[in-house]
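*Asks:* So the chains spell out like this:
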Amino acid sequence: MSRAALPPATPMARQILDHRSLLQRARTLPGEARVALALLGIMTVAALAAVGYLVIAGTLDGRWYDIRDLGNGTSHLVYWMERQGWHPAIPYLTTGLLGGLGILSLVGGWLVIGSWVERRLLAKFQIRQGPNRNGPFGLLQPIADALKLIQKEALIPIGADRLLYYLPPVLIFIPAMLGWAPVPWAARMSYVDMNVGVVYAIAISSLGVLAVFLAGWSSNNHYALLGAMRTVAMMVSYEIPISMTLLSVVVLTGSLQLSQIVAWQQQYHVWLIIVLPLAAFTFLFASTAEINRTPNDIGEAESEIVAGFHTEYSGMKAGLFLAVELGNAILVGAMMATFFLGGYTLFGLETWIPGYLILATKIGAVYFVFVWLRGTLPRFRLDQLMGFAWKFLIPLAIVQLLVVAVEALVIEQSGLPGVATVSGAILVNALLTFFGVRAWANAIGYRPEAGASTPILTTAVGGLRAAARLQAVP
Amino acid sequence: MIPEQFGRVAILLVFALAFPVLPLAASYLFGCLRYRPDNPSPIKQATYECGVESEGTSWGQFHARYYLFALGFVIFDVDIIFLYPWAVNHAAMPVIVLFKAALFISILAFGLAYAWRKRALEWR
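Order-wise, the sequence lines are chains A and B.
FYI, in the working numbering the residues of the first sequence are 1 to 474.
FYI, in the working numbering the residues of the second sequence are 1 to 124.
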């Protein structure tokens with residue numbers, strides 16, 4: 001009997017079987033809609049051709065309406081204001097407010113659509129439908145959620161420290177927003193092109209720990225305090241691998257300025273994820289811990305400690321805690337894209353496509369990986385996570401740092417052509433990643449042949465002798 | 001240069017604070033207008049404990065293992081921050097500087113090995 005002959009067992013199965021792709025739906029469109037779509041397509045192609053002509057002719061370069069780089073508009077605005085003879089604080093404040101509004105609308109807009117994107121993607125990974133009731137494709141679901149949260153009763157537990165209880169939902173937004181400041185969106189388009197960008201990014205990202213701990217402590221709830229303790233322990237542990245991998249990035253590129261790191265990747269036509277694969281993996285994994293996402297969301301493990309540090313928060317305050325995770329996810333995506341994926345550049349295509357769109361695409365790709373990890377991996381145990389940071393990532397990061405230091409000297413001072421030295425560095429780092437990871441895993445007791453039914457690596461890095469003893473019991 | 005850059009960050013800080021405060025204020029305003037329910041009771045406001053009454057306060061002593069990790073974090077983080085100035089200027093420096101930095105890093109590595117040996121990294 002063929003599969004189609006079976007009647008769908010459930011409404012859900014019927015929905016999945018009845019699913020048609022966008023192309024299939026387009027085939028059944030009425031004639032008027034087809035004509036309108038064709039006209040729209042022709043107009044888009046014509047507009048693209050016109051833009052392409054302007055780009056080739058060079059008449060667009062640096063004009064205020066050159067939207068490939070929104071920095072052109074603001075610099076023209078500043079120039080105009082200076083010509084008016086106004087106080088220099090006015091252009092400074094204006095550009096600051098404009099950029100602040102830009103970042104605010106970016107984060108705010110993502111909070112509106114992000115929860116929908118995340119839930120729909122997760123649903124796809126788990127072969128579900130996801131939210132699909134409110135509005136087309138369920139797009140109005142986040143708005144419905146926000147309206148529900150804002151109308152809920154704002155309860156405060158009796159035993160809580162009231163002032164400290166109110167602070168964390170506000171404070172936790174500071175790293176999520178301020179972290180965007182040094183990110184370069186195009187050659188002249190960054191909110192602040194800081195000369196200490198990397199150190200600033202590390203410093204700002206570690207502020208989140210304080211808000212988390214305040215939330216757990218002020219709630220006066222055992223679960224909340226336990227969740228906060230776990231989160232703080234995990235976040236501080238994973239901050240060291242992050243700092244060390246960024247140290248090797250800085251050693252190689254020779255700058256703390258994020259735009260200079262992008263410029264290095266542009267200069268050598270290579271992404272740092274290829275030059276430093278181990279560092280990129282460490283950064284990706286450690287940043288999922290740093291922003292408290294599954295598989296590393298041990299601080300708010302629902303199955304163990306209710307909701308972790310925000311157990312006692314309800315209504316809009318809980319909503320802010322949930323929202324900031326989405327904001328943090330794309331912030332880390334932006335950092336990952338800038339440090340390891342070439343930032344706003346795409347091998348010359350940034351002349352044609354606005355750099356901020358390229359960066360947004362890369363952020364989306366990294367975010368997809370985050371959702372993928374969340375949909376695939378189970379949650380790790382706390383001792384496994386801590387052991388992985390201290391016994392695996394940090395020693396390898398130290399070795400990586402020393403190797404990269406030698407490579408940076410060779411690249412800068414040997415006088416050989418950059419192609420040769422950088423290719424050599426890529427080869428050495430690839431070998432280091434492959435053999436170093438294997439050798440170190442062997443050294444700390446990982447035996448892949450010992451059978452997949454026992455978690456040998458996790459026991460080895462977690463150092464949990466109790467687990468080993470439990471497994472020895474027949 | 002530096003004050004100019006961090007002045008920008010201060011402007012951004014205003015946005016960062018306004019962003020979460022606005023929905024909280026809206027929620028509070030709804031409460032004042034009696035648009036959302038606002039009937040606290042001792043049962044609702046009790047500390048959540050999976051159905052049983054909470055025993056005592058949670059503001060007390062905590063396990064020392066967290067302290068060990070925090071201590072390790074402080075040592076490592078400070079040392080790494082000291083390495084950043086070297087990292088920026090590294091490529092332009094003579095080779096001898098690399099050996100000095102390697103000495104510094106190896107002290108870090110030795111500290112890690114010592115902590116490992118003393119079983120400070122075990123989650124007990």
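The hints are simulated quantities; they were obtained by calculation from the structure and are not laboratory data.
If you're wondering where the values come from, they're calculated on a predicted model, not measured in any experiment.
Don't take each hint at face value.
Stated by the list, open to error - Here are a few chain A residues that sit away from chain B, every Cβ distance over 10 Å (derived from the structure):
#1 Thr74
#2 Tyr79
#3 Tyr191
#4 Gly424
Unchecked claim - Quick look at which bits of chain B chain A covers, simulated, 3 or more residues with Cβ under 8 Å:
#5 38-47
#6 69-82
#7 86-100
As the list claims (entries may be wrong) - Here are the in silico distance ranges between beta carbons for each label pair:
#8 A/His87 <-> B/Trp116: 51 to 61 Å
#9 B/Gln45 <-> A/Leu210: 18 to 28 Å
#10 A/Gly52 <-> B/Trp116: 27 to 37 Å
#11 A/Gly364 <-> B/Gly7: 25 to 35 Å
#12 A/Leu210 <-> B/Ala46: 34 to 44 Å
#13 B/Glu4 <-> A/Gly364: 29 to 39 Å
#14 A/Ala203 <-> B/Gln45: 31 to 41 Å
#15 A/Leu48 <-> B/Trp116: 24 to 34 Å
#16 B/Phe6 <-> A/Met43: 43 to 53 Å
#17 B/Arg119 <-> A/Ala203: 29 to 39 Å
#18 B/Leu71 <-> A/Val55: 49 to 59 Å
#19 B/Ile75 <-> A/Val196: 37 to 47 Å
Every residue, glycine too, gets a C-beta built ideally from N, C-alpha and C.
*Asks:* Would you list, in rising numerical order, the hints stated earlier that this structure does not obey?
*Replies:* Of the numbered hints given earlier, those the structure breaks are 3, 10, 12, 15, 19, listed in rising order.
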